[in-house]
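Novice: The residues making up each chain are set out below.
2 protein chains.
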Amino acid sequence: MNAYVYGYGPEGKERLIVVDLGVTFPDMDSSPGVDLIMADIAWLEENAARVEAIFITHAHEDHIGALAHYWPKLRKPIFARKFTGKIGAMKLEEAGISADEITVVAPRPQVIEVGPFKVQFVPISHSIPESSALIIDTPAGRIVHTGDFKLDGNPIVGEPFDAEMWHEIANEGDGIRVLTCDSTNVFSPEPGRSEATLAGPLTEMIAAQDGMIVATTFASNVARLKTLAEAGVAAGRSICLLGRAMKRMVSAAEETGVLTGFPGTIPAEQAVDVPRQNLMLIVTGSQGERRAASAALSRGKYLGLEMKEGDTFLFSSKTIPGNERGVIRIMNAFSEMGVEVVDDRGGRYHVSGHANRPDIEAVHELLRPKILIPMHGEHRHLREHAKLAMAKGIQSEVATNGTMIDLTGDVPKVVEYIETGRTYLDGSVLIGAFDGVVRDRIRMALNGHVLITVIIDEDDVPLGDAWVELMGLPEVGKRGAAVADQIEDELSEFLERASDKVIANDDKMDEAIRRIARQVTMEEVGKKPEVTVVVSRLMAG
Amino acid sequence: MNAYVYGYGPEGKERLIVVDLGVTFPDMDSSPGVDLIMADIAWLEENAARVEAIFITHAHEDHIGALAHYWPKLRKPIFARKFTGKIGAMKLEEAGISADEITVVAPRPQVIEVGPFKVQFVPISHSIPESSALIIDTPAGRIVHTGDFKLDGNPIVGEPFDAEMWHEIANEGDGIRVLTCDSTNVFSPEPGRSEATLAGPLTEMIAAQDGMIVATTFASNVARLKTLAEAGVAAGRSICLLGRAMKRMVSAAEETGVLTGFPGTIPAEQAVDVPRQNLMLIVTGSQGERRAASAALSRGKYLGLEMKEGDTFLFSSKTIPGNERGVIRIMNAFSEMGVEVVDDRGGRYHVSGHANRPDIEAVHELLRPKILIPMHGEHRHLREHAKLAMAKGIQSEVATNGTMIDLTGDVPKVVEYIETGRTYLDGSVLIGAFDGVVRDRIRMALNGHVLITVIIDEDDVPLGDAWVELMGLPEVGKRGAAVADQIEDELSEFLERASDKVIANDDKMDEAIRRIARQVTMEEVGKKPEVTVVVSRLMAG
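First to last, the sequence lines map onto chains A and B.
Residue numbering for the first sequence is 32 to 572, as defined by this note's numbering.
Residue numbering for the second sequence is 32 to 572, as defined by this note's numbering.
Heads up, a few of these hints could be off.
Since the list gives no way to pick one copy over another, a pair counts as held whenever it fits inside one copy or between any two copies.
To be verified - Restricting the straight-line Cα-Cα distance to at most 30 Å, the calculated cross-link-like pairs of lysine-lysine (DSBU-like) are: (1) Lys332 <-> Lys539; (2) Lys349 <-> Lys418; (3) Lys559 <-> Lys532; (4) Lys444 <-> Lys149; (5) Lys107 <-> Lys349; (6) Lys559 <-> Lys278; (7) Lys444 <-> Lys509; (8) Lys509 <-> Lys107; (9) Lys559 <-> Lys423; (10) Lys401 <-> Lys444; (11) Lys113 <-> Lys339; (12) Lys539 <-> Lys149; (13) Lys339 <-> Lys418; (14) Lys122 <-> Lys423; (15) Lys107 <-> Lys149; (16) Lys559 <-> Lys339; (17) Lys122 <-> Lys509; (18) Lys339 <-> Lys532; (19) Lys559 <-> Lys332; (20) Lys539 <-> Lys444; (21) Lys509 <-> Lys418; (22) Lys423 <-> Lys401; (23) Lys339 <-> Lys444; (24) Lys532 <-> Lys349; (25) Lys509 <-> Lys104.
Source of the hints: derived by calculation from the structure; they are not laboratory data.
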């Protein structure tokens, strides 16, 4: 959920630019039921008047996914290159915002001047077309914000990494003051490999299969989709793309001219009539997402298509840590069908989109920044990257979320911690991660929920017995009797002997009833449930 | 959650033995709030009269964890070797069952005769002491059930793999009819490495650290604990074990004589006074378990001990797929403290307890079974193992949970599918995975819960308004008003215009109220919640 802010100007009055507005994805452990997670931009919203513009480096969801959700809070010009702008425009339009809010810009040498900033988009290789680093020139010096990148001399789609141009960028004026740099693969010791190395192994593997082939990868990795499709065509197969995200990406890439020569594809309705050995599906869902095409196929028929014994399913992807459960579920479902599951096989069928440790070091040397701020990755990645830089005499600082750093001196200096956190898109509304909503859902998932209603009449006398409903709790307890009945019995006793003062007091009633419900449930089923008590008081009238 | 059953005798009257009664662990995705997961043994319970005995191969939770929960349903003699028996006895006693139910037996040549079976425990190397394969001799031939195993000539603690003895076993009588064989690492292409290879790298790494060292591994890997502790002592450090499971394992191993020469340890109260550079903690929680010592230390002070900048945390373990989120959470928490996190570094500091693919193949060749039944592993592992065997002319069949196979012919023949599944220990009671209890918890976690109470008077007239409570849902919806209020307003309208017939009918009321609540919530917050409706009817009286 990337969101970076650069500022220049007198303290507290800095003019600001935002780089990227991304999302991250929820999981059952910490954010059940949540649709998307974004950085909490409350501070930025309060200071919206100081924001000059929003720059989007590339169209991955963790960089662009929050754009349409947050634009209404900032209402500032958005700058992006053509393909990224196209994806952004689709997002804005879906949210009822005009696509004209995005200005499509050309790469360097075009310079975008906003307030005290002069910004250039510099093509850099990554796993999506037109990924860009930003040169941000300020009166205090030059910043290079790498965005996500790898060193790829032949990325199949999009511009190769251009060391010569970067050398030039490093040598203009006073050179580079600050490098804000991708850290994702800082723990990967080998140099990264080019996207182009996959064509051979993929073509060979696909040619060797007899049944239907289904391949999945990240929908936005248009280069990979092209390599896969070409390997399929070379093996005499018709290509069918499945999954909305994948079709959108390919269309956007073709419309904006970044993708050419993609083999012709057929729709699912037509694919059902193609003999299995002549068909290749390229589908969404490489991370095991339940609603994507991969998962749908692992459950059975999808759009008339079905995997069978003798077919092959290829993960041309790596499982992002945390997504293993979903991916393994799909692998086993295919195994049960007799489908051959092929994974990246240690790199034969997938390469990363990020610079590995030696590549990161090469960039340090190429750009020779005074200061390095590690970005992208978990804390341990940022820390490792900072150590790597400092070992070479480059000043560095780990900037955790909310950290404001003064970059104008010889060393980076933390000047403030902005209160920040996570905002959840929950259904159709934005809520704070600490609003208690998701906490309550987690508690109900762990402990179950007991509902108790009690009616008190006009004379403060309980009318009938308490009524108990259980949700997400075993019906029958240790003693073999219904747990709800036992809570009701205990509550009847309590209501009988409770003093008028207690009965008349909502808080006391609530507390006592809650305690009894938790105690009985604990004794009977060994769990302390969440309890909701509704005491209805009839009015004299 | 291993549980194997072998039978011999006339169809439907076979005498049975049970091998292992294990558990598996819940996760938030599919089993929130559950304490343990076990195989559903309803069939075995129905046929308990035919069960001769229970054999436990080793003391890992996935092989012994259900013993105390299920023994009362079977009440049959339990056989295990000394260390395994000790762990089992502790479990039984905690559940109020006499430890005498376990008969401790010696390894081969001792033979246990139960019904038509002659069973021997054969020492085999694994990551816990005294792990055993079983030779099960029946009138129809010899079965070898490997249990979990690896080929380790020097496992530090316990018996090395003895190829000579296995050769002898394969050549007795008619040889081995059936090999039921561990498949966990069938996808690991390199030969496995010995536990003994770790002492060097661990000793070297630990000697190089300046601050406190905290190491975690599986509590039951007593050999690893010894290697770690010895490496610590060699570096001039006092050793402190943290975590109940770890202390239990070491005590049980020492008491039963399988572990000797373990360095002296100090309790936590004493450790707090030892200078950091002279202290090493060995702690539970290598899989990121929230309640274990690792996680506790990642959150701050634990038993007076606290990690600080300059300390080192070592994962002498591999993350089991599905546990990544918890492990990564801990790694990042330590990183934020400035603690150096060291993981297995591709095998330097951890070796697996399971036979890799070449080792499995070596066992096929050593034992030359007629039939191979793959066990241990997910479906894709079993399938791969069966293919491996069949490629060599060994008959094989993938036996998914509940499959009953006739092993007396030339090829394994599926004769029945027993209805089976998962049983959950939920708090203190056992429930079925499909009882709906956990499904309701998952639904509440994803969708939130709306509670509605309506009171109807003696004349079937609504008394006052409906009362709505939300749990796990955003309070305020799109239009900026409280969602509960809006549901209440809609319900008031409904109650006003509802016919007497509807008001008098519980089902109709419930359905209508539920529909309104879901509709308003959907419009306001974009979620379809779980709804509980309580209609209280006052009685004329």
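Novice: It remains to establish, for every hint, whether it holds in the given structure.
Specialist: Results of checking the hints against the structure:
In this homomeric assembly, Lys332 and Lys539 never come within 30 Å of each other (Cα to Cα): the closest approach is 56 Å inside a single copy and 36 Å across copies. Taking the shortest Cα distances, Lys349 and Lys418 sit within 30 Å of each other both inside one copy (27 Å) and across copies (25 Å). Taking the shortest alpha-carbon separations for Lys559 and Lys532, only the intra-copy value of 28 Å comes in at or below 30 Å, while the best inter-copy value is 40 Å. Taking the closest pair of Cα atoms, Lys444 and Lys149 come within 30 Å of each other only inside a single copy of the chain (23 Å); across copies the shortest separation is 75 Å, beyond that limit.
In this assembly of identical chains, the alpha carbons of Lys107 and Lys349 never lie at most 30 Å apart, being 36 Å within a copy and 47 Å across copies at closest. When the C-alpha separation of Lys559 and Lys278 is checked against a cutoff of 30 Å, the pair qualifies only between copies, where the shortest distance is 29 Å, while the shortest distance within a copy is 48 Å. In this assembly of identical chains, the alpha carbons of Lys444 and Lys509 never lie at most 30 Å apart, being 61 Å within a copy and 41 Å across copies at closest. In the homo-oligomer, the alpha carbons of Lys509 and Lys107 lie at most 30 Å apart only across protomers (23 Å), although the nearest pairing inside one protomer, at 62 Å, exceeds that limit.
Taking CA atoms no more than 30 Å apart as the test, Lys559 paired with Lys423 passes in neither setting, with 55 Å inside one copy and 55 Å between copies. In this assembly of identical chains, the alpha carbons of Lys401 and Lys444 lie at most 30 Å apart only when taken from the same copy (13 Å versus 71 Å across copies). For a Cα distance limit of 30 Å, the shortest separation of Lys113 from Lys339 qualifies neither inside one copy, at 41 Å, nor across copies, at 48 Å. Neither within a single protomer nor between protomers do Lys539 and Lys149 lie at most 30 Å apart by alpha-carbon distance, with minima of 64 Å and 66 Å respectively.
In this assembly of identical chains, Lys339 and Lys418 lie within 30 Å of each other by CA distance solely across copies; the values are 17 Å between and 51 Å within a copy. In this homomeric assembly, Lys122 and Lys423 never come within 30 Å of each other (Cα to Cα): the closest approach is 42 Å inside a single copy and 56 Å across copies. Taking the closest pair of Cα atoms, Lys107 and Lys149 come within 30 Å of each other only inside a single copy of the chain (16 Å); across copies the shortest separation is 80 Å, beyond that limit. Taking the shortest alpha-carbon separations for Lys559 and Lys339, neither the intra-copy value of 46 Å nor the inter-copy value of 35 Å comes in at or below 30 Å.
Taking CA atoms no more than 30 Å apart as the test, Lys122 paired with Lys509 passes between copies only; the shortest distance there is 20 Å, against 54 Å inside one copy. Neither within a single protomer nor between protomers do Lys339 and Lys532 lie at most 30 Å apart by alpha-carbon distance, with minima of 70 Å and 54 Å respectively. With identical chains, the CA atoms of Lys559 and Lys332 are at most 30 Å apart between copies only, with a shortest distance of 26 Å across copies and 42 Å within one. Taking identical chains as interchangeable, the C-alpha atoms of Lys539 and Lys444 are never at most 30 Å apart, the minima being 53 Å within one chain and 66 Å between chains.
Taking identical chains as interchangeable, the C-alpha atoms of Lys509 and Lys418 are never at most 30 Å apart, the minima being 56 Å within one chain and 46 Å between chains. Within a single copy, Lys423 and Lys401 get their C-alpha atoms as close as 11 Å, which meets the 30 Å cut-off; across copies the closest is 62 Å, which misses it. Only between protomers do Lys339 and Lys444 lie at most 30 Å apart by alpha-carbon distance; the minimum there is 22 Å, versus 60 Å within a single protomer. Taking identical chains as interchangeable, the C-alpha atoms of Lys532 and Lys349 are never at most 30 Å apart, the minima being 64 Å within one chain and 60 Å between chains.
Proximity of Lys509 and Lys104 under a CA criterion of 30 Å is satisfied inter-copy only: 15 Å between copies versus 54 Å inside one chain copy.
The structure shown violates the earlier hints numbered 1, 5, 7, 9, 11, 12, 14, 16, 18, 20, 21 and 24.
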